[in-house]
Amino acid sequence: MVRIKTLDGHRRRSTQELLQTIEAAVLRGDTEFDIEASGQHDIGGPLWNREGKELLFRVRNPGQRVGAMCLPGTTVLVDGPAPADAGWLNSGGRIVIRGDAGDTAGHCAAAGVIQIGGRAGARAGSLMKHDPQYEEPSLWVLRTVGDFSFEFMGGGRAVVCGLGCAPAVSPLGARPCVGMVGGAVYFRGEADDLPEDVLLSAPDDNDMSWLKAGLANFLASVGHPDLLPELSDRRQWNKITPVPFEQRKRAPVMDMGTFRRNAWVPGGIFGDVLEDDGRVTELAAPGDERLRVPVWNGESCRDCRLCLKSCPRKAIVRTDGEKGVYSAACARCVGCGLCAGLCPCGAWRMTEIASV
Amino acid sequence: MASVSVQDVSRNDLPWLVEWRQDKCVLCGMCAAVCTADAICFTASRGGVRGAALRQRAEISHACTGCGMCTKVCQQDAVRPVRNPDNRFPLLARAGGPLKRGGRSNLNPPRTLDKLVVGRISQMTDPALDSERHTFDLRAPLGRVLPVQDLPLRVEGDSLALTAPTPPVRWIYPLLFSDMSIGALSTRAWEAIALACAYLNEQCRLPVRMCSGEGGLPGRLLESEHLKYMIVQIASGHFGWNRILRALPRMKTDPAGVLIKIGQGAKPGDGGLLPAAKVAPHIQSIRGVPRATLHSPANHQGLYSIEEAVQKMHLSCNAAFGFRVPVAIKCAASATSVAVYNNLLRDPYNICGGFFLDGIQGGTGAANEVSLEHTGHPIVSKVRDCYRAALLQGRQGQIPLWAGGGVGQTGHAAADAFKLICLGANGVLVGRLLIQLLGCVGNEHGRCNACNTGRCPAGICTQDMRLVRRLDVDRGAQAIVDYMLAFDAELRKLLAPVGNSSLPVGRADALVATDKAVADALGVTYAC
Ligand code: SF4
Ligand code: SF4
Ligand code: SF4
Ligand code: SF4
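Residue numbers (the numbering used here), protein chains in the order written: chain A, 278 to 633; chain B, 268 to 795.
Be careful, since some hints might not be right.
Claimed, not checked - In silico SDA-like pairs for lysine to any residue, Cα to Cα no more than 20 Å straight-line:
(1) K600(A) / P589(A)
(2) K519(B) / G548(A)
(3) K586(A) / K339(B)
(4) K519(B) / K591(A)
(5) K760(B) / A540(A)
(6) K591(A) / L396(B)
(7) K591(A) / A320(B)
(8) K591(A) / K760(B)
(9) K591(A) / R626(A)
(10) K586(A) / V293(B)
(11) K586(A) / S312(B)
(12) K519(B) / A540(A)
(13) K586(A) / R313(B)
Source of the hints: derived by calculation from the structure; they are not laboratory data.
Same shape as in the complex, but just chain A (with noise of 0.2 Å):
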């Protein structure tokens, strides 16, 4: 057991001085450590033992990061509260914080345990994941979570108890699960605020199974194991997991035709005053929507006939007497002019309708 003091007298040491002090102890094969810290960052890790036995550290005060960068391997015991980033890029320790931590707590946390005997602040699990190649990892929360938590969550597991959470609050804090891909959280009370692309359920009976061994290391480890039968009844545990991403749906989106007739003036807003049945027209439309109309002049036609032939909607009639008799069907001129255009003896005059 290697004992460290970091003041002495008026004099404390560095982060730097202590971690390397740590290190050295580490690299001759000490293992088991009892830091009296005054602030110090980043006890903890990132540390192995060359032979593979386990490292343990006993803190107390330590400076933000605690436990940051753990590896397999390694016990970070705080007893009493951290601060900031507690187990930041946990990536396979086992660390105990007996009362709060600060924000961040459990931040990018890829693999071992994080056990929090308080609060956690801000942000707690945010960015938490899990490599399919090691076992996932997990916070623990005995009392609450601040806001923002579990922001962009891709894996893991975490419990939030509401210990001594008020009625009516959330135990998680405002807008939690922001952005989750990936993971579980499980509660106890109600959660509002929550994302549109999580779902809250029921945890199942493998989710029971996993929270009750979970719970009875957890609370022995924070030194509450008499809180065991309040927090397993089943009942007040809920589940927040993300919509998977297949089954993501853009919120639903009101085709704009069904907004109009459902949520707009009946009729339009210019019913009253103009007849318009909303009919779309083509660029070209034929009948009453053409610019401009053919009209046949008989006195000068000489029966040609090539406007017959030359008309692209085959709409030029001709009656058949003496002399042919012409007219433009209205149904399906478009009044392009062709005939007026092409007509050698001038008979087909386009005239412009006036409009309104």
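We have chain A; now place chain B with the ligands onto it with these hints.
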């Protein structure tokens, strides 16, 4: 052979040449059928059907506008308008009097907004935000915002109580659908924009507001719940206001605001103009006039000074809706804008709820070209000047500044809006952009801009039902909605790197200018 003299107008005198490929054309006739300018027709170059040729009319009154509808319908890719740089149109077309058209200025000086870059990025100094997941507050005020020390508050026990009413303020989306009147627009175009506005509010939770323009509002809208999205405009012609007043007892809700239009950026000092070709029966009834070309006076008659404008017009418009609705004023940006703004800021009655400034790149349905091209003031420096004038007095933010005139001219409205907001605008106005989304093919390079003729090929700026039926209201509204959703996402993309959760009004430190003169004029950092 017809004789040709040198003074005759030829195709080559016109701004657009219609290029036709005889080898591709199958003489389907579609191009000529759809041309609203009647710019092209068929002729017989030789006898028989095979001798038909498409000819462009060499007439000023039938000049091709470059709208491209012929190209759109041609299945053979055989016809298209080609810009003619050597045209003599500006000389010849004035034979009929001053040139008139719609659209924007076509002179296109380099845009100030494009010389500004969002150059202050939160890197190590402060955290950038997540544009997709962070909660942003993108709302902008419409209404007089009282400074804290002027709030009529009294302590009553443990709480604060108002001792007097405060001016109405609406917190709305920082992009406003700007005033295009019923009359300037077709019924379908106007309705499509109003429909898109309602959809954005009710389906997309964007509190976008639309200004009616100076041609009144349809009675059915006045009496519907959707009136709450509308800002009703009063301009010098006061068109349609009798209907608005008559509808008061039946209104289910207040409108979002009243906008007093003093002038517009496209033709400052000139009143509204609605050519007779567009004064259809429903316009005659809404406006209460017979068919004729309708000019609005250049000025509100009876207003002779800023003080009078503030007191008389603002008071009347405030009173019309029981002082519950913010009343703002819209002017063309001008060398005098700061004087006007200062005056408004001193208004002791707190009845001016916004100063809308419209720059020279604003669009119009009809104006004299000489006004379009040669009068007005760029919007950017004027917004900045007004903001700085208020800042010097510690009165910034009290009378919201809304800026329009060329916002989204290059298609990138979010960037334009963001930069204007950084320079001091609370929000921006878009008009032309909306009709372009509906299908308007006009642009700032002289394409189409026939909005004044009543022959809009897209059915937008016309009352000719044959053309109006070309416009699909639902598809048009959807296009506006889609653009607005992209605008919203892009605005967040710009807010995130500067680390602002709310609109960065006046945060000119977020910008750098790549032009020294622009940097100096606007008081932003020069970067190269
Ligand atoms: S105008 Fe065109 S479509 Fe109509 S009859 Fe003549 S050739 Fe046929
Ligand atoms: S571009 Fe437009 S105006 Fe010109 S010929 Fe084609 S349809 Fe007619
Ligand atoms: S639309 Fe095309 S193919 Fe048809 S007549 Fe015109 S140029 Fe020829
Ligand atoms: S398409 Fe219509 S609205 Fe657009 S520029 Fe042409 S005439 Fe004006």
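Hint-by-hint comparison with the structure:
At roughly 23 Å between alpha-carbon atoms, K600(A) and P589(A) are farther apart than 20 Å, so this suggested pair is violated. Simply put, K519(B) and G548(A) have alpha-carbon atoms about 19 Å apart, close enough for the 20 Å limit, and the pair holds. About 26 Å separates the Cα atoms of K586(A) and K339(B), which puts this hinted pair outside 20 Å; it is violated. With a C-alpha separation of about 55 Å, the suggested pair K519(B) and K591(A) falls outside the 20 Å cut-off, and the hint is violated.
Between K760(B) and A540(A) the alpha-carbon distance is near 31 Å, which puts this suggested pair outside the 20 Å criterion. Annotation: proposed proximity of K591(A) to L396(B) is violated, straight-line Cα distance about 64 Å (limit 20 Å). Distance restraint check for K591(A) and A320(B): the Cα-Cα separation of roughly 19 Å lies within the 20 Å cut-off, and the hinted pair is therefore satisfied. Among the hinted pairs, K591(A) with K760(B) is inconsistent with the structure: their alpha-carbon atoms are about 56 Å apart, more than 20 Å.
Pair hint K591(A) plus R626(A) holds up; C-alpha atoms about 17 Å apart against a cutoff of 20 Å. The hinted pair formed by K586(A) and V293(B) meets the criterion: a straight-line CA distance of about 14 Å does not exceed 20 Å. This hinted pair checks out: K586(A) and S312(B) have alpha carbons roughly 17 Å apart, not beyond 20 Å. Between K519(B) and A540(A), the direct Cα distance comes to roughly 16 Å. Compliance with the 20 Å bound is thereby established for this hinted pair.
Of the pairs offered as hints, the one joining K586(A) and R313(B) holds, with about 15 Å between alpha carbons and a cut-off of 20 Å not exceeded.
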